[in-house]
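*Asks:* Just so you know, the protein sequences line up as chains A and B, in that order.
Letter 566 of the first sequence, counting from 1, is numbered 566 in the working numbering, and no numbers are missing.
Letter 486 of the second sequence, counting from 1, is numbered 486 in the working numbering, and no numbers are missing.
Every clue listed holds true.
In this list, chains with the same sequence are indistinguishable; a pair is considered to hold if it fits within one copy or across any two.
Computed list of lysine-lysine pairs in DSS-like fashion (alpha-carbon distance at most 25 Å, straight line): (1) K442 / K291; (2) K714 / K512; (3) K386 / K601; (4) K187 / K227; (5) K502 / K766; (6) K714 / K502; (7) K764 / K641; (8) K755 / K647; (9) K682 / K641; (10) K766 / K113; (11) K641 / K742; (12) K120 / K764; (13) K755 / K640; (14) K187 / K223; (15) K750 / K682; (16) K120 / K766; (17) K764 / K117; (18) K120 / K38; (19) K766 / K547; (20) K766 / K117.
Derived from the structure by calculation, the hints contain no laboratory data.
Protein chains: 2
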Amino acid sequence: MNNNELSSETLAGLDAYWRASNYLAVGQIYLRANPLLKEPLQSEHIKRVLLGHWGTTPGQNFIYTHLNRIIKKHDLNMFYISGPGHGGPAMVAQTYLEGTYSEIYPEISQDEKGMTKLFKQFSFPGGIPSHVSPECPGSMHEGGELGYSLSHAFGAVFDNPGLIVSCVVGDGEAETGPLATAWHSNKFLNPITDGVVLPILHLNGYKIANPAVLARIPEEELKDLFKGYGWKPYLLSGDEPSTMHHQMANVLDQVMADINEIKEQAQNGNITRPCWPMIILRTPKGWTGPKVVDGLQVEGSFRAHQVPLSDPAHSPEHLAALEKWLLSYKPNELFDENGRLLPELAALAPVNERRMGANPHTNGGILLKNLHIPDFREYAIDIQQKGITGQGDTLILSSFIRDVIKLNMESRNFRLFGPDETLSNKLNAVFEVTNRQWNALKEENDDFLANDGRVMEMLSEHQCEGWLEGYLLTGRHGLFNCYEAFIHIIDSMFNQHAKWLKVTAGLPWRRKLASLNILLASHVWRQDHNGFTHQDPGFIDHVINKKASVVRVYLPPDANCLLSVMDHCLRSRHYVNVVIAGKHPSPQWLSIDEATIHCTKGIGIWPWASSDAGQEPDLVMACAGDVPTLEILAAVEILKKHIPELKIRVVNVVDLMKLQPESEHPHGLNDEEFDSLFTSNKPVIFSFHAYPWLIHRLTYRRTNHHNIHVRGYKEEGTITTPFDMTVLNETDRFNLVMDALKRLPQLGNKSAYLKQEMEDQLIKHKLYIREHGIDMPEIRDWKWGTDLFK
Amino acid sequence: MNNNELSSETLAGLDAYWRASNYLAVGQIYLRANPLLKEPLQSEHIKRVLLGHWGTTPGQNFIYTHLNRIIKKHDLNMFYISGPGHGGPAMVAQTYLEGTYSEIYPEISQDEKGMTKLFKQFSFPGGIPSHVSPECPGSMHEGGELGYSLSHAFGAVFDNPGLIVSCVVGDGEAETGPLATAWHSNKFLNPITDGVVLPILHLNGYKIANPAVLARIPEEELKDLFKGYGWKPYLLSGDEPSTMHHQMANVLDQVMADINEIKEQAQNGNITRPCWPMIILRTPKGWTGPKVVDGLQVEGSFRAHQVPLSDPAHSPEHLAALEKWLLSYKPNELFDENGRLLPELAALAPVNERRMGANPHTNGGILLKNLHIPDFREYAIDIQQKGITGQGDTLILSSFIRDVIKLNMESRNFRLFGPDETLSNKLNAVFEVTNRQWNALKEENDDFLANDGRVMEMLSEHQCEGWLEGYLLTGRHGLFNCYEAFIHIIDSMFNQHAKWLKVTAGLPWRRKLASLNILLASHVWRQDHNGFTHQDPGFIDHVINKKASVVRVYLPPDANCLLSVMDHCLRSRHYVNVVIAGKHPSPQWLSIDEATIHCTKGIGIWPWASSDAGQEPDLVMACAGDVPTLEILAAVEILKKHIPELKIRVVNVVDLMKLQPESEHPHGLNDEEFDSLFTSNKPVIFSFHAYPWLIHRLTYRRTNHHNIHVRGYKEEGTITTPFDMTVLNETDRFNLVMDALKRLPQLGNKSAYLKQEMEDQLIKHKLYIREHGIDMPEIRDWKWGTDLFK
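Here chain A stands alone, though its shape is the one from the complex (with noise of 0.2 Å):
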């Protein structure tokens, strides 16, 4: 059918169902009895607190309502994102039109009393957020902070060739960065095997207190803007309802053949980029609510914002001139007596699983397949001798992911993501099976770029991390790679993506996730040519502030306890795990079974490592990560060889929870548990990946804490060698080992000639920097040190 032709009725229809939606959102602003209107509006009737966005709400009910007609017309397989956040009562209202939200919360039925309490629970004390948050169904995506929801669009239709999510991003969120990035995604779409993202610009022209710049510029200069990001863009812009309904169903009509049009070319063969649609929809903020409201405008204007109407429980004025506005949606005309939807409105929305607030891909965990992951002994090292040179522990690492790509690549349920480091990182293996997935222009030289391919690189920590989000969220897998100091680029992304999994997790009608897994490598101790700006361990302590629930570190020291580690990640769910590991070749201390018992326990002794013999130690050395384990062990060694009786326990710590209590995370050792591996009275030094004090935070509660000693990277650093960046932060074995003497007084001068040959040797080491640039050549055995002096 052409939109010129729509029905007088049809429209009719979609302004009605408009109507209720608007109807339904003011509702939930503003009362809490009264629900129909069926007596006059008291003061009584009104909610005592007010809060909630209105600005953005009609807009997004009318898009809403149009895709609806959409979705029904082509049985769409269709979900909705509302980038703007605050427009809660909109998908809210929608959601409970379609029976959605009814059918997971019963007690919120479809009349009037459901209504009461529909209206009641929102932005109220044990109800639900004022934004599109988990509680409400058909919702992936929050939006509390702005910016990623065409991210997470993307995500989520990538290997969906049969989705279609229409991303509404409003005009404050176009402001941030990451989505005015977002746009650029249309490049790493494949056409035949991904599905569609329509994104709906919303112009509604003001943020909360200043206009939006998009809805400042030129019409010119907008439609160069999204033509120059590769897209077709769609202006449509007013603020008459049954001109714009026909606009609307004319733009959605026409959207439509051009999408058909893309996947038919594409499926004959043209996979040539296309140029996909978008619409740019322009309607005042705050649309059909009041127009002026004491003396100054509102409809159109920032003021529309939040509540309009600031006080009618105590304004008379505010109080005819709300039920007038409830009134102008005629909800005589849409409800019956008992409250519910009259049935030729209800029957023009989607049924099922097309309804957007059931679509399952909004509640990835229903979709959710185990991946099949091989098994990761396979890709073990063999150990011949405890510290031997490995290759790398990432590039171990990428045989195992190369694999996982392979064994899945049918179900097309894993991704590897990164900022154009996966090969920096050293996850070189991937590519023997897989590509980059790029849809842009191509090149004679370019190395492994394809139309389609397991991983995604864009020079976007935010891209990368949404996209994933969006992946995960839809119910697959994946793995985001990347420099361990540029992690914090995402640190507020990580804080919603945690708060979400921790809400969802006490929803029962949401089902578990796939964890967000990243890997750390090109880590703070061997950042040797990028200097300063590189070295940053921080993002743990900013993890570990998320519910215990839901996060957790792993520090591998080696290349074999790497692969366990993975291999767990990639099986569990609904977590947030963080794994950071070396590229670099390094030392090599655990056979594969020792390290699968020593991954799963997450912490343990060192036998072989140590010189206690199973007795009562008199120091303790630990370490977790891989830099400080080989220093650690070094500085073990050199202890060992000068004062042979010495009873030295070595621990090596993987899973970083397990230092805390267990009333404090679910990992954590209970505390004889802890006394058992550190004693609790001798002497422990401990040398940490990060920031020192993340440690004393994670034991402060434990008996023999005051004698826990611990380094770690203290913000030292600069262009210089791999050993040297230890000895800056004074984690290096002979610092170890001065630290071991000082809290050792019963060794006396034994201590003494020790302590000085330490100093030596770091002497010795920064002479021979000075001068040749390089570490001196012995570093090369792991004991470097020990012998050294005699």
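Start from chain A and add chain B according to the hints.
*Replies:* Just chain B, lined up with the frame of chain A:
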């Protein structure tokens, strides 16, 4: 002069200067001896470790060389920002050629000996990093983390009408979110009162291992994109040097004509947003470097990113290729036999402060003038009674900020930044004297928008932070106001700025900057209507990982304290000051004199709230933050009322760093001072604004640490009432009383009775909010709960 008439002499000069800079760049990457190739190149002349990024370098040298011409021609006040970050060798080479490098580092003299040192120090232990780091003259932007060059450039030109910042944006950096939105900064620039940013998008086609998106879209899209962003793009593209010199000179002349035209029009009263010129320069990655190495294309491919010839020390082919490459620049035509640039070439550089490496704006401390700051005491509120309700602490502050703006209106060296939250954060009074600077379209109903204003608002925390950093780095003052939860968006930007401050503080020739002041209003405890997504007080944890010498955190408990703290922050130098304050009406405690003394000390006993009468107390009740202070004081009131014999001491912390040992932070109390406040053995109940474990991290070395029991935000929250937020996190008065009772076993039966009362109060509260959706009306009295049960 029209460029078409550019003399062959001029052209030859440009090319020679460019070759000289390229020669010096290659030398930095490869050579440790034989800098002038006076003898045939040998293995021993090659550095042992080859680190550096050649790819972007020749293009940047090309740009810098051409900018020199235009500077001289027009006597421009211009400096250079290197967005691509890793192009360190270019800017070092250029500043060495123009003489600024040797002026600052006399040992790097302009002769063979100096050149040897110049080469050796690059990416060498004890030398200089591979970025355009603080050590490099003319740099105010390091670029180790990509994304902020353009925001810094705009920050630099605000209020610098005579300044032009040429900002090279790499095509990799251009993919980041912050950069993608920074192009819109042109809507915030005033053509009369601000300077000019000349962006030069450098398309060299590749990132580390991938092509760059903007280099792989059709030219039409590329042009549309920048026209859409509101710029006038000039494209030039090629690899033949002489053609490119012609083109570039032409374009720069045209650009200067455009800029002059715009400036003139603006002077004549045309304040319509101009369409500023920008340049898109497409040159091969690794231009002029080896074309093919080991059979693979290098020039013009991603393989040119770092070191094109990987092993000239051991591969004779590589060595020969390196020699050929170096000789291709014809060094004997550029340098005399002492290694000094030939005088006719040296004459091509600007002189004195016109040299971009010597532009004083790049060492902003030189230009920094003290702010005119009114007496903050004059904005104080009168505390007739402890606990009277204020108007909102930030609202009081806003009058002070208003007058800071007023007093510095003429010097134009203070701005207020925020992502559309200045009004939401209640800094309303500033709009009595100024407006938001806005140069996009305006409409009738806009509030507080003007072409010239001291408030900068764009819905991008990245932009606000980046603009402010640029503003500070060029010697001005400012304040960033932001929602607490969303300041995490700029975690990584804060990291880089803090690192910049640390490094520059150690460079004697760098002058100190005004502090970066961040005001976090709209904090975790008062997100009643935004809920869980808006609750995150973890920025403090992030901040204090950085060097103690540059970070400060303040938690003023009321408006008068906030005034005193802000006065201090605005006067301070070279710190990042984080101030957390409330915006809602809340109880006020200290007179302005008390507040001044208290904030100057940073921590102290509040005798009027305590009942220990200066003696050793039975219990310490400590607090940091406005909401914690209220609840601790209320808890103390309850305890005093019901157990009058209990000796309670109230300690309030404003300056969080006071808690750390003095060895860890310059503000830290020594142990005696700490013990004199917190006792050495009495229970301490500490209620903290943020995550509770941070207090343990700060105090774990203190004598009485094991008795400190901390409450804080533990990631529990949703849409609920202000008081209920404290209940959810057990930081409310009733829970605090119970916490205290648990640690006072000596109270016996009294304790049990009071505990029961506390639990009853909590139930009463829960029932009330469930019914009414608001807190009990009694809450208006800060002591509520004290007398309710008798």
